[in-house]
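J.: This is what each chain is made of:
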Amino acid sequence: MKPLLFALRREPEQRLDLSKLTPDRLVGRTVKEIEAIEIGTTKVGARVGDYFKVRSGDPANLHFEGGSERFDLLGAKLLPGFSIYVEGDVGAQLGRNALGGQITVVGDAGPYAASGMAGGHIDIDGDCGDFLGAPLPGEIAGMAGGRIVVRGSAGCRAGDRLRRGVILIEGDVGEDLGSRAIAGTIIALGTAEGRVGYLNKRASLVLAQPVDFGPTYVDCGAHNFTFARLFSKALAEDSRRAARLMTQKLRRFAGDTAVYGKGEILTPA
Amino acid sequence: MPQLVRKGVRIDDSFAEAFPMSGTGLIITAPNRKWALTAAQTMTGFATSVIGCGCEAGIDMELSARETPDGRPGVRVLLFAMSSKDAEKQLVNRLGQCVLTCPGTAVFRAIDGEFEIKVGDAVRQFGDRFQIAKSIDGRRYWRVPVMDGEFLVESKVGLTKKCVGGGNLLVMGPDWESTMRATEAGVEAIRAVPDAITPFPGGIVRSGSKVGSKYKGMGASTNDAYCPTLSGLGTSVLDPDIGCVLEIVIDGLSDAAVSNAMRAGLKAIIALGPKTGAKRVGAGNYGGKLGPFHYHLKDLLP
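The listed protein sequences correspond, in order, to chains R and S. Residues in the first sequence are numbered consecutively from 1, following my numbering. Residues in the second sequence are numbered consecutively from 1, following my numbering.
Keep in mind that the hints are not guaranteed to be accurate.
List time: in silico SDA-like cross-link candidates among lysine to any residue, alpha-carbon distance up to 20 Å [said to hold, decoys possible]:
1. K262(R) <-> K161(S)
2. K162(S) <-> E114(S)
3. K210(S) <-> V237(S)
4. K89(S) <-> E114(S)
5. K262(R) <-> S135(S)
6. K34(S) <-> N224(R)
7. K201(R) <-> D128(S)
8. K249(R) <-> A65(S)
9. K34(S) <-> G104(S)
10. K77(R) <-> G138(S)
11. K262(R) <-> A133(S)
12. K85(S) <-> V123(S)
13. K233(R) <-> N32(S)
14. K162(S) <-> S83(S)
15. K233(R) <-> A133(S)
16. K201(R) <-> Q125(S)
17. K89(S) <-> D121(S)
18. K89(S) <-> K161(S)
19. K201(R) <-> N32(S)
20. K262(R) <-> I136(S)
21. K262(R) <-> G288(S)
22. K89(S) <-> S135(S)
23. K249(R) <-> V237(S)
24. K249(R) <-> K89(S)
25. K210(S) <-> G288(S)
26. K156(S) <-> F227(R)
27. K53(R) <-> L26(R)
28. K267(S) <-> I204(S)
29. K262(R) <-> V146(S)
30. K249(R) <-> G71(S)
31. K20(R) <-> G119(R)
32. K233(R) <-> R139(S)
33. K262(R) <-> V123(S)
34. K262(R) <-> N32(S)
35. K156(S) <-> G96(S)
36. K233(R) <-> K162(S)
Some residues of chain R that are not near chain S, with every Cβ distance over 10 Å (derived) [stated by the list, open to error]:
37. A7
38. T30
39. K43
40. K53
Since the hints were made in silico from the structure, they are not lab data. Just so it is clear, CB atoms sit at the ideal spot from N, CA and C, and this is done for glycine as well.
Same shape as in the complex, but just chain R:
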């Protein structure tokens, strides 16, 4: 069965709240009913039909033909077994609080992608904004499970307060990667800036290109880690480069000793 298609008519004038367009909410609805869903975020109001031409199909698989950096909350609270495919860019909070499923974005994503995500798989073909997998202001923990793969670069504070799950960034990352991370794993293949792993409690940060971690990270020598071999197998489908990095002998820097100190930064030995 063909996917349920949303073809973009024109660039929206206002930010759109697409959290209502998740597969579980669209099951059993007709095209007319879907086109009537309110997605505006200003007092002007906006309905799906104003910006999208909807073609009926399998609501378990959504397809967005055309994207916009004004597409907010796309795939929010997505459930296991569903998938969303976007040909184009998306806005803030992609896959916010997703519980499962697969989101593929062939384009860039805005800030707070995968914020609060607890499960599922997000693949961003382009770059993503700041606060990847991070909590919104006022929240205690960030991403709590699942996996996000960014083919391009990520902004500042990617993996802030990461709780669980895997963040894989093939490109460069902005300042303070893995800041305040609670646990989980971040792998960055490009360059990193700022204070990497700032106040990291228990997370593992794997950097293909090491930088100066400051005095609160202590060198624990180079080792062959069995868990890294498992990761290598698990990542092989998503990124060959990351899988290769994980099979290498890795130098372990324990820290951040300014806090709990059970975290680590691993770099090629």
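Chain R is fixed; fit chain S onto it per the hints.
T.: This is chain S only, laid out in the frame that chain R set:
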């Protein structure tokens, strides 16, 4: 006893009687085959019979680096006990003493059962707060720092109550050498059958037992009916041409695994023939009072 004959080997029209057990499995890996085997052999040592060891355990198969979760050589170990509580206690004890201590090893789940046993969750505290949990593809592992690096252990392994213990073959020959030759051939064939182990030394038991004893407090005693040195006495079931009896005991993760193992063993023993191997094959049972699983030899013949 009525007998069937296959390639000159007499097969008793009897059955092996087996009983339900709780079972679990582990995959132990190491940087090389030697240390994976060392860990597995140590862990399954002194695990021949639940009567005195608390569990019956053995190596199910060796795994190549391609077949293990972490891409290192490995061994699949099975452990069986009379209750899930016993299985858990024995597994955790043996893991802590024999695998955690063995250089280079890591532990993964080998079977998914109806229940789970805390394994990594039990030994992680050896890490004295330096241990780290990692979730990879929905499975949780503990990284316990040890002196040669890290001991990686899966947090929980599966346990199933659908296991069968006590499948057996009684191999009878004229002397020790030829009986042993046939029994070893049987054990070797069973080794290739997945999900089944032969927990006794080298897979072979010489002290086949009967239930009860003349002495108070002994639950089991020598199977005098099959002791060749008592063959002249009235209780013996041995023929005049039998001078030695050896037993193969089989535990399996399922009913099918045990019958497959018995079939494979029987086939190998019969293939050897009565001139160099066994003259007769029987099976041990207690008249159907021990357990619900009955493996009739006539159904397992090649």
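J.: Now tell me if each hint is right for this structure.
T.: Here is how each hint holds up against the structure:
Restraint check: the Cα-Cα separation between K262(R) and K161(S) comes to about 39 Å, which exceeds 20 Å; the hinted pair is violated. For the given pair, K162(S) sits about 9 Å from E114(S) by alpha-carbon distance, which is consistent with the 20 Å threshold. About 14 Å separates the Cα atoms of K210(S) and V237(S), which keeps this hinted pair within 20 Å; it holds. Of the supplied pair hints, the one linking K89(S) and E114(S) holds, its CA atoms being roughly 18 Å apart against a limit of 20 Å.
For the hint linking K262(R) to S135(S), the alpha-carbon distance of about 16 Å falls within 20 Å, and the restraint holds. Of the pairs offered as hints, the one joining K34(S) and N224(R) holds, with about 19 Å between alpha carbons and a cut-off of 20 Å not exceeded. Simply put, K201(R) and D128(S) have alpha-carbon atoms about 17 Å apart, close enough for the 20 Å limit, and the pair holds. For the proposed pair K249(R) and A65(S), the alpha carbon gap of about 18 Å is at most 20 Å, so the pair holds.
Among the hinted pairs, K34(S) with G104(S) is consistent with the structure: their alpha-carbon atoms are about 11 Å apart, no more than 20 Å. Distance check on the hinted pair: K77(R) and G138(S) sit about 19 Å apart at the alpha-carbon level, within 20 Å; holds. Among the hinted pairs, K262(R) with A133(S) is consistent with the structure: their alpha-carbon atoms are about 11 Å apart, no more than 20 Å. Proposed proximity of K85(S) and V123(S) is supported: the alpha carbons are some 17 Å apart, at most 20 Å.
Proximity of K233(R) to N32(S) is assessed by CA-CA distance (about 19 Å); at most 20 Å being required, the pair is judged to hold. Pair hint K162(S) plus S83(S) holds up; C-alpha atoms about 11 Å apart against a cutoff of 20 Å. With a C-alpha separation of about 18 Å, the suggested pair K233(R) and A133(S) falls inside the 20 Å cut-off, and the hint holds. Between the alpha carbons of K201(R) and Q125(S) the distance comes to roughly 19 Å, so the proposed pair stays at or under 20 Å and holds.
For the suggested pair K89(S) and D121(S), the alpha carbons sit about 13 Å apart, so the restraint of at most 20 Å is met. Annotation: proposed proximity of K89(S) to K161(S) holds, straight-line Cα distance about 15 Å (limit 20 Å). A C-alpha spacing of about 34 Å is found between K201(R) and N32(S), which places the hinted pair above 20 Å, so the restraint is violated. Using a Cα cut-off of 20 Å, the hinted pair K262(R) and I136(S) holds, with the two alpha carbons roughly 18 Å apart.
For the hint pairing K262(R) with G288(S), the CA-to-CA distance comes to about 58 Å; that exceeds 20 Å, so the pair is violated. The straight-line distance between the Cα atoms of K89(S) and S135(S) is roughly 25 Å, outside the 20 Å bound, and the hint therefore fails. Taking the CA atoms of K249(R) and V237(S), the gap is about 64 Å. The hint is violated against a cut of 20 Å. Proposed proximity of K249(R) and K89(S) is contradicted: the alpha carbons are some 36 Å apart, above 20 Å.
Distance restraint check for K210(S) and G288(S): the Cα-Cα separation of roughly 13 Å lies within the 20 Å cut-off, and the hinted pair is therefore satisfied. As the CA atoms of K156(S) and F227(R) are separated by approximately 16 Å, the hinted pair is consistent with the 20 Å bound. Taking the CA atoms of K53(R) and L26(R), the gap is about 15 Å. The hint holds against a cut of 20 Å. For the suggested pair K267(S) and I204(S), the alpha carbons sit about 17 Å apart, so the restraint of at most 20 Å is met.
Pair hint K262(R) plus V146(S) holds up; C-alpha atoms about 15 Å apart against a cutoff of 20 Å. In summary, the hint linking K249(R) to G71(S) is supported, as the alpha carbons are separated by about 15 Å, within the 20 Å threshold. Only pairs whose Cα atoms come within 20 Å are accepted, and K20(R) paired with G119(R) is accepted, the gap being roughly 19 Å. Restraint check for K233(R) and R139(S): the C-alpha separation of about 13 Å stays at or below 20 Å, so the hint holds.
Note on K262(R) and V123(S): the hinted pairing holds, with a Cα-Cα distance of about 18 Å set against a maximum of 20 Å. At most 20 Å may separate the alpha-carbon atoms for a hinted pair to count; K262(R) and N32(S) exceed this at roughly 30 Å. Restraint check: the Cα-Cα separation between K156(S) and G96(S) comes to about 14 Å, which is no more than 20 Å; the hinted pair holds. Annotation: proposed proximity of K233(R) to K162(S) is violated, straight-line Cα distance about 32 Å (limit 20 Å).
At the 10 Å boundary, the C-beta of A7(R) stays outside the reach of chain S, the nearest C-beta of that chain being 35 Å off. No beta-carbon of chain S comes within 10 Å of the beta-carbon of T30(R); the shortest separation is about 36 Å. Separation of K43(R) from chain S is adequate, the least Cβ-Cβ distance of about 44 Å exceeding the 10 Å criterion. Consistency note on K53(R): stated as away from chain S, and its beta-carbon is indeed over 10 Å from all of that chain's, at 38 Å minimum.
In this structure, the hints that do not hold are numbers 1, 19, 21, 22, 23, 24, 34, 36, in rising order.
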